[in-house]
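Just so you know, the sequences run in chain order A and B.
For what it's worth, my numbering labels the leading residue of the first sequence as 1, then goes sequentially.
For what it's worth, my numbering labels the leading residue of the second sequence as 1, then goes sequentially.
No lab work stands behind these hints, which were simulated from the structure alone.
Keep in mind it's a predicted model, so treat the numbers as computed, not measured.
The beta carbon of each residue, even a glycine, is placed where N, CA and C say it ideally should be.
Among the clues, some could well be false.
[Claimed, not checked] Dumping the calculated PhoX-like pairs for lysine-lysine here, alpha-carbon to alpha-carbon at most 25 Å:
#	chain 1	residue 1	chain 2	residue 2
1	A	Lys105	A	Lys197
2	B	Lys30	B	Lys56
3	A	Lys61	B	Lys30
4	A	Lys145	B	Lys29
5	A	Lys226	A	Lys153
6	A	Lys53	B	Lys75
7	A	Lys71	B	Lys400
8	A	Lys145	B	Lys400
9	B	Lys30	A	Lys53
10	B	Lys414	A	Lys153
11	B	Lys30	B	Lys434
12	B	Lys29	B	Lys326
13	A	Lys145	B	Lys188
14	B	Lys56	A	Lys61
15	B	Lys327	A	Lys71
16	B	Lys414	A	Lys145
17	A	Lys53	B	Lys400
18	A	Lys197	A	Lys103
19	A	Lys153	B	Lys239
[Unchecked claim] Partial list, derived from the structure: chain B residues whose beta carbon lies under 8 Å from chain A:
#	residue
20	Ala80
21	Tyr98
22	Met104
23	Phe249
24	Lys398
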Amino acid sequence: MNKKLSAAAKREERWGWFMIAPTIIGLVVLNLWPFVQTLYSSFCEHLGFGHYKFIGLQNYKDMFGNTEFWKATWNTVYFCILTVPVGIALALLVALLLNAHVKFKGGFRTIFFLPLVCAPAAIAMVWRWIFNTEYGILNQILGGKIQWITDPKTAVLAVAIVSVWSSIGYDAVLLLAGLQNIPGTLYEASGLDGAGKVRQFFSITLPMVSPTLFSVLIMRLMASMKIYDLIYMMADETNPALTDMQSLMYLFYRSSFVAGDRGYGSAIVIWTVGLILLVTLVQFQGQKKWVTYDV
Amino acid sequence: MRKLSRMTAATIVLVLLLSLIGCSSSADKKTHLTFQIWDVYQRPGMQAMCDAYTAKHPDVVIDVQATSWSEYWTKLEASAESNTMPDIFWMHTNQLLYYADFGMLADVTDLYDDVDPNYYEEHFTEISRSNASGSDGRLYGVPKDKDNGLLVYNKEMFDAADVSYPTDDWTWEDLADASQKIHDKTGKYGFMAYNDDQLGYWCFAYQAGGHILTADRTKAGYTNPGTVKGMEFYVNMQKEDWCPGQTYFAETAPGTAFFSEEGAMYLEGNWNLPQLMENYPEMRGKWDLAKLPKCADPIEDDESLDQDGRATISNGLCYSTAAHGKKRDIALDVIKYFGTEEAQRIQGENGAAIPAYIGCEESWRAAFDPYDEKLNLDIIFEQFDYAVQAIYNSASPKWKSLVLDELTNVYAGKQDLMTGLENMERIVNTETAKKLADQ
């Protein structure tokens, strides 16, 4: 195809390559190459200080035979079930409210966006105290002695609550942008035809905002599958519920950096990547059924 | 237009290149060394030592950098892989063998040969020297400090319950009795036994005549009768109404509970005492220190230390430098100075830690000079008489977290203690054998 390009166009092409080079190089050096290395090290035993010994599929055999690993996989899936639907529904609700004609709209938008500005470590620290069994404010209000973070039954739920709380703001802002792109004339026209608020929401708002909703869904699901920081900061190493709440990424951290078993850790990462890939593929297939790209 | 954009691009590239060069060159001709530590409270002491060194060597500048414990090891390992380790850094017994056996640390055995060939033997205890030695018996760090665990108790709660303060002859039974009385009279917790090794079950296992590792560090001793006795006593304390359960400790550290006056006693490391005095001004004078209680009837065997049921765990750090560091020779000269009486005394007087250098230990008392309320510091120095060296072998990084998981499962009621101990024994033996086979 180069034959048809004029000299000027060729020059332009060269400049094009030059301009995107920083991004491409960055992507290859920082994302693609480490991925290849991770894939390789998942077939190796880490001897220490970056020296590896090839051991074939042993890490995967160990991994699939380990109950802790399956527990972590389930914890991750369970965490997604808890956070994604609720989180996105709440974010949409907040976006709708912020899009309506309310007083102090700017103030509310700021408030909902605030969790995103806070350092995650600070958020986790404050929530740890809120959840504290003996002295926490939540149990004071509820009047019970629920061991939020240390009871295996509630530990994942506690982390999910914090996760939803801290992600609503971001998702709501994205959805708000989507909502504001819907032309007002659609609502006017449907109003003249006698459509009520509920009908307008399902027939106009939802289809029109569905592309944004789809992006938010994909991003939220990926973020939830990679949950690590909140668990790391909220659960102590001696927490008796740790194995009941640890996610795949937390298990990876413990294997790779606490126990120094980087080969095994890499195998966990590859498994997680596979899971995310699968879920994302399913979503892209599913989107044809509910995402509207043009009216 | 095109010319302009090309000029702009060229300018940007030039600026970027210049800024890169700017990073790597320093304005002066001095040698800049980095000194990495993990305890921000010891920074003033480390800085004072560096200042004393640079006063004698004006051509050297040392930058003391403090980070958190967990980040420290992630960073240090990554920097070791790329041979960009800090010029001087602290080494911990948990990790020393891993680094030393892999050839990452400079051998400092002959460092003082020009001064005195027996320098280490004369000025540092056997435990201190052992804590800085690799598997080959060579020294890979200059001993920095030594520590031990002690009993911290709340005097007001003892008074309120009309119980006399812990004495040197206190036994486990006295500990339990006092805890029960305090709980009955005040409603507060007694002794808070939490899931910890150095400041927890290790002490009790050795007091009972047991051992975690054999003396040659090749085999575990979790199922040794003495160890089992110690572990049973320690772990089962959480079943008493006067001791909180592990779910409580997972949210509220024993120190936090103690200084919020929720509990009367817990095990603390001497290295934390200065900051506890500083951080809890309203508690000063209300608490004091005692020796660890002893086991009245230890189960002795060949591996036992035969110390009349007494034991406390003593760990120690050392100063190391990379085996192939770019500024190795200067770094070695600095850590050589850190091992002198003068530098060790500066460390002590600044309240950083108890110096490893024999004869300088008591300089650490200066850390408590700012406070009118006095602690019974004597017991810390007396406890060194029956201190047990911190427990580790070259496979420690592998088995430590796995052993912790097993014990956590015991505390959570997911398995009984004996099953847990058998699992721990198996884990440590397997990992250790694997490591020994690799070497």
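Hints, one by one, checked against the model:
This hinted pair checks out: Lys105/A and Lys197/A have alpha carbons roughly 21 Å apart, not beyond 25 Å. Note on Lys30/B and Lys56/B: the hinted pairing holds, with a Cα-Cα distance of about 14 Å set against a maximum of 25 Å. Between Lys61/A and Lys30/B, the direct Cα distance comes to roughly 54 Å. Violation of the 25 Å bound is thereby established for this hinted pair. Annotation: proposed proximity of Lys145/A to Lys29/B is violated, straight-line Cα distance about 64 Å (limit 25 Å).
In summary, the hint linking Lys226/A to Lys153/A is supported, as the alpha carbons are separated by about 21 Å, within the 25 Å threshold. Distance restraint check for Lys53/A and Lys75/B: the Cα-Cα separation of roughly 23 Å lies within the 25 Å cut-off, and the hinted pair is therefore satisfied. Distance hint between Lys71/A and Lys400/B is fulfilled; the C-alpha atoms sit about 21 Å from each other, no more than 25 Å. Simply put, Lys145/A and Lys400/B have alpha-carbon atoms about 32 Å apart, too far for the 25 Å limit, and the pair is violated.
The straight-line distance between the Cα atoms of Lys30/B and Lys53/A is roughly 42 Å, outside the 25 Å bound, and the hint therefore fails. Distance check on the hinted pair: Lys414/B and Lys153/A sit about 14 Å apart at the alpha-carbon level, within 25 Å; holds. Under the criterion of a C-alpha separation no larger than 25 Å, the hint pairing Lys30/B with Lys434/B is inconsistent with the structure, at around 46 Å. Taking the CA atoms of Lys29/B and Lys326/B, the gap is about 16 Å. The hint holds against a cut of 25 Å.
Simply put, Lys145/A and Lys188/B have alpha-carbon atoms about 18 Å apart, close enough for the 25 Å limit, and the pair holds. Taking the CA atoms of Lys56/B and Lys61/A, the gap is about 59 Å. The hint is violated against a cut of 25 Å. The suggested pairing of Lys327/B with Lys71/A is violated, with an alpha-carbon distance near 48 Å, which exceeds 25 Å. Restraint check for Lys414/B and Lys145/A: satisfied, since their Cα atoms lie roughly 21 Å apart, inside the 25 Å limit.
Between Lys53/A and Lys400/B the alpha-carbon distance is near 23 Å, which keeps this suggested pair within the 25 Å criterion. At most 25 Å may separate the alpha-carbon atoms for a hinted pair to count; Lys197/A and Lys103/A meet this at roughly 20 Å. The straight-line distance between the Cα atoms of Lys153/A and Lys239/B is roughly 22 Å, inside the 25 Å bound, and the hint therefore holds. Taking 8 Å as the C-beta contact cut-off toward chain A, the hint placing Ala80/B at the interface holds, the least distance being around 5 Å.
Nearest Cβ of chain A to the Cβ of Tyr98/B: about 6 Å, under the 8 Å cut. The hint holds. With its C-beta approaching chain A no nearer than about 7 Å, Met104/B sits inside the 8 Å limit, and its interface hint holds. Hint on Phe249/B holds. Least Cβ distance to chain A is approximately 7 Å, under the 8 Å limit. The closest approach between the C-beta of Lys398/B and any C-beta of chain A is roughly 6 Å, which is under the 8 Å cut-off, so the hint is satisfied.
Checked against the numbered hints given earlier, the structure breaks hints 3, 4, 8, 9, 11, 14, 15 and satisfies all the rest.
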